[in-house]
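Start from the sequences and build out the full structure, keeping to the hints where you can.
Protein sequences appear in the order of chains R and W.
Counting along the first sequence from 1, when you hit position 131 you're at 135 in our numbering, and nothing is skipped either side.
Counting along the second sequence from 1, when you hit position 48 you're at 184 in our numbering, and nothing is skipped either side.
Don't read these hints as lab results, they were simulated from the structure.
What you are looking at is a predicted structure, and each value in this text was computed from that prediction instead of being measured.
Possibly wrong hints are sitting among the right ones.
Unchecked claim - Now the in silico label distances, taken between C-beta atoms and shown as ranges:
{"hint": "1", "chain 1": "R", "residue 1": "G155", "chain 2": "W", "residue 2": "D293", "range": "35 to 43 Å"}
{"hint": "2", "chain 1": "W", "residue 1": "A238", "chain 2": "R", "residue 2": "K157", "range": "35 to 43 Å"}
{"hint": "3", "chain 1": "R", "residue 1": "G200", "chain 2": "W", "residue 2": "P189", "range": "34 to 42 Å"}
{"hint": "4", "chain 1": "R", "residue 1": "G155", "chain 2": "W", "residue 2": "A255", "range": "21 to 29 Å"}
{"hint": "5", "chain 1": "W", "residue 1": "N252", "chain 2": "R", "residue 2": "I10", "range": "15 to 23 Å"}
{"hint": "6", "chain 1": "W", "residue 1": "G270", "chain 2": "R", "residue 2": "T190", "range": "56 to 64 Å"}
{"hint": "7", "chain 1": "W", "residue 1": "A255", "chain 2": "R", "residue 2": "G40", "range": "47 to 55 Å"}
{"hint": "8", "chain 1": "R", "residue 1": "G129", "chain 2": "W", "residue 2": "A246", "range": "44 to 52 Å"}
Said to hold, decoys possible - Stretches of chain R that chain W covers, calculated by requiring three or more beta carbons in the stretch to come under 8 Å of a beta carbon on chain W:
{"hint": "9", "segment": "12-24"}
{"hint": "10", "segment": "85-91"}
By construction, the Cβ of each residue, glycine as well, lies at the ideal position given by its N, Cα and C atoms.
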Amino acid sequence: MIALLIRDLRLAIRAGGGFGLGLAFFLILAVLVPLGVGPQPAVLAAIAPGVLWVGALLACLLSLDRIFALDWEDGSLDLLATAPIPLEAVVTIKALAHWITTGLPLVLAAPVLGVLLNLSADAFGWLVLSLLVGTPALSVIGTFGAALTVGLKRGGLLLSLLVLPLYIPTLVFGAELVSRGAAGLTTQTALLLLAGITAGAVAILPFASAAVIRINLR
Amino acid sequence: MEIRVENLACARGGVPLLDALSLSVQPGQALILRGPNGCGKTTLLRTLAGLQPALAGSISLPPDAIAYAAHADGLKSTLSVRENLAFWAAVYGSGGVDAAVARMNLSALADRAAQNLSAGQKRRLGLARLLVTGRPVWMLDEPTVSLDAASVALFADVVRGHLAAGGMALIATHIDLGLPEAQVLDLGPFRARLPAPGRGGSFDEAFL
Numbered sequence: 005m006i007a008l009l010i011r012d013l014r015l016a017i018r019a020g021g022g023f024g025l026g027l028a029f030f031l032i033l034a035v036l037v038p039l040g041v042g043p044q045p046a047v048l049a050a051i052a053p054g055v056l057w058v059g060a061l062l063a064c065l066l067s068l069d070r071i072f073a074l075d076w077e078d079g080s081l082d083l084l085a086t087a088p089i090p091l092e093a094v095v096t097i098k099a100l101a102h103w104i105t106t107g108l109p110l111v112l113a114a115p116v117l118g119v120l121l122n123l124s125a126d127a128f129g130w131l132v133l134s135l136l137v138g139t140p141a142l143s144v145i146g147t148f149g150a151a152l153t154v155g156l157k158r159g160g161l162l163l164s165l166l167v168l169p170l171y172i173p174t175l176v177f178g179a180e181l182v183s184r185g186a187a188g189l190t191t192q193t194a195l196l197l198l199a200g201i202t203a204g205a206v207a208i209l210p211f212a213s214a215a216v217i218r219i220n221l222r
Numbered sequence: 137m138e139i140r141v142e143n144l145a146c147a148r149g150g151v152p153l154l155d156a157l158s159l160s161v162q163p164g165q166a167l168i169l170r171g172p173n174g175c176g177k178t179t180l181l182r183t184l185a186g187l188q189p190a191l192a193g194s195i196s197l198p199p200d201a202i203a204y205a206a207h208a209d210g211l212k213s214t215l216s217v218r219e220n221l222a223f224w225a226a227v228y229g230s231g232g233v234d235a236a237v238a239r240m241n242l243s244a245l246a247d248r249a250a251q252n253l254s255a256g257q258k259r260r261l262g263l264a265r266l267l268v269t270g271r272p273v274w275m276l277d278e279p280t281v282s283l284d285a286a287s288v289a290l291f292a293d294v295v296r297g298h299l300a301a302g303g304m305a306l307i308a309t310h311i312d313l314g315l316p317e318a319q320v321l322d323l324g325p326f327r328a329r330l331p332a333p334g335r336g337g338s339f340d341e342a343f344l
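If you want it as structure tokens, here you go:
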């Protein structure tokens, strides 16, 4: 299983692997929004939590269709399904590799982008914390979507349509956590609900993803 | 420690292809599957490898014994020959990467990225994967596609070594592998005579 993680990370950083694409997208989005909205600090500060979270969602979405599509095209997915690793572990490792290459860079870069959007200084810690707790759910839910669309030609668009509605709870509570943190309100409820969504997704969805892949491989 | 299949029926895309198929393979034996295109060779191998369920019949296999090799080699183009094999060796918890590289005559290419290999070299790398799995049952789907005559002979030699070590092999192929000791099974007589389930098929079939 470690070997699979190392392989996926190695593939991600080699030519054409797509490492950093999500991060670059996130960066461009955070630069474009102030240009579009205009340079009013109060407006930017008000919309910053929502914009940063929507940006994180879309950045995650960019690389989702690569999770299984490449392995399906070159036949590795068939071979992995017959290998002695349970398919549930394969999808979990794939989600983890996706999070390390997409979610983790977003978490680390978020404070810098918060400055661009005039996010309140009190909220920087909450922003990092909310992304750290919330982005694993994005990767796991996205892996489920990628499993559903594996084998479909041009499945990327369908994948987005399937996955984005499933991201709503994470988005709502993640942005709420940052907003409340910025306003100096109590954040415990939003944080616990966000963590609960992530924990639930991590616990349940790998089984669903593995079942879906088994059906898709038939 | 044998493969025993009784009264197997399997389908591809909801259309039954094979019916009432029985076969058995003992350690040290190879079974070559023949038949025209579309007769169900790949479907049979995928069913035996556990990638799809059988319609009927029983399959008895030793547990954790199968190394399956499909039409596609499952190579990662940006990884080198050695990295590709080392990954599968780690997955199967075995070793012998260097031995497999040497056995399939890939030593000079060991550090070359898989995307820079020729089609035949890729195929040899895909077959070298079988050696690092350490599994006793090889299920091979058209293993000799794009191999030259010398490589086919090399491959036949590798299969012979595997059988001599007590392994088993099921090989779907159209060409003569140079394995005269292998049994040949023509899938033609087992063609399913069931009518294809039309609109009256099961509810799930409409979606799967």
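Verification of the supplied hints:
{"no.": "1", "hint": "R:G155 x W:D293: 35 to 43 Å", "in the structure": "holds (36 Å)"}
{"no.": "2", "hint": "W:A238 x R:K157: 35 to 43 Å", "in the structure": "holds (40 Å)"}
{"no.": "3", "hint": "R:G200 x W:P189: 34 to 42 Å", "in the structure": "holds (36 Å)"}
{"no.": "4", "hint": "R:G155 x W:A255: 21 to 29 Å", "in the structure": "holds (24 Å)"}
{"no.": "5", "hint": "W:N252 x R:I10: 15 to 23 Å", "in the structure": "holds (22 Å)"}
{"no.": "6", "hint": "W:G270 x R:T190: 56 to 64 Å", "in the structure": "holds (57 Å)"}
{"no.": "7", "hint": "W:A255 x R:G40: 47 to 55 Å", "in the structure": "holds (50 Å)"}
{"no.": "8", "hint": "R:G129 x W:A246: 44 to 52 Å", "in the structure": "holds (49 Å)"}
{"no.": "9", "hint": "12-24", "in the structure": "holds (count 6)"}
{"no.": "10", "hint": "85-91", "in the structure": "holds (count 5)"}
The structure meets every hint from the earlier list without exception.
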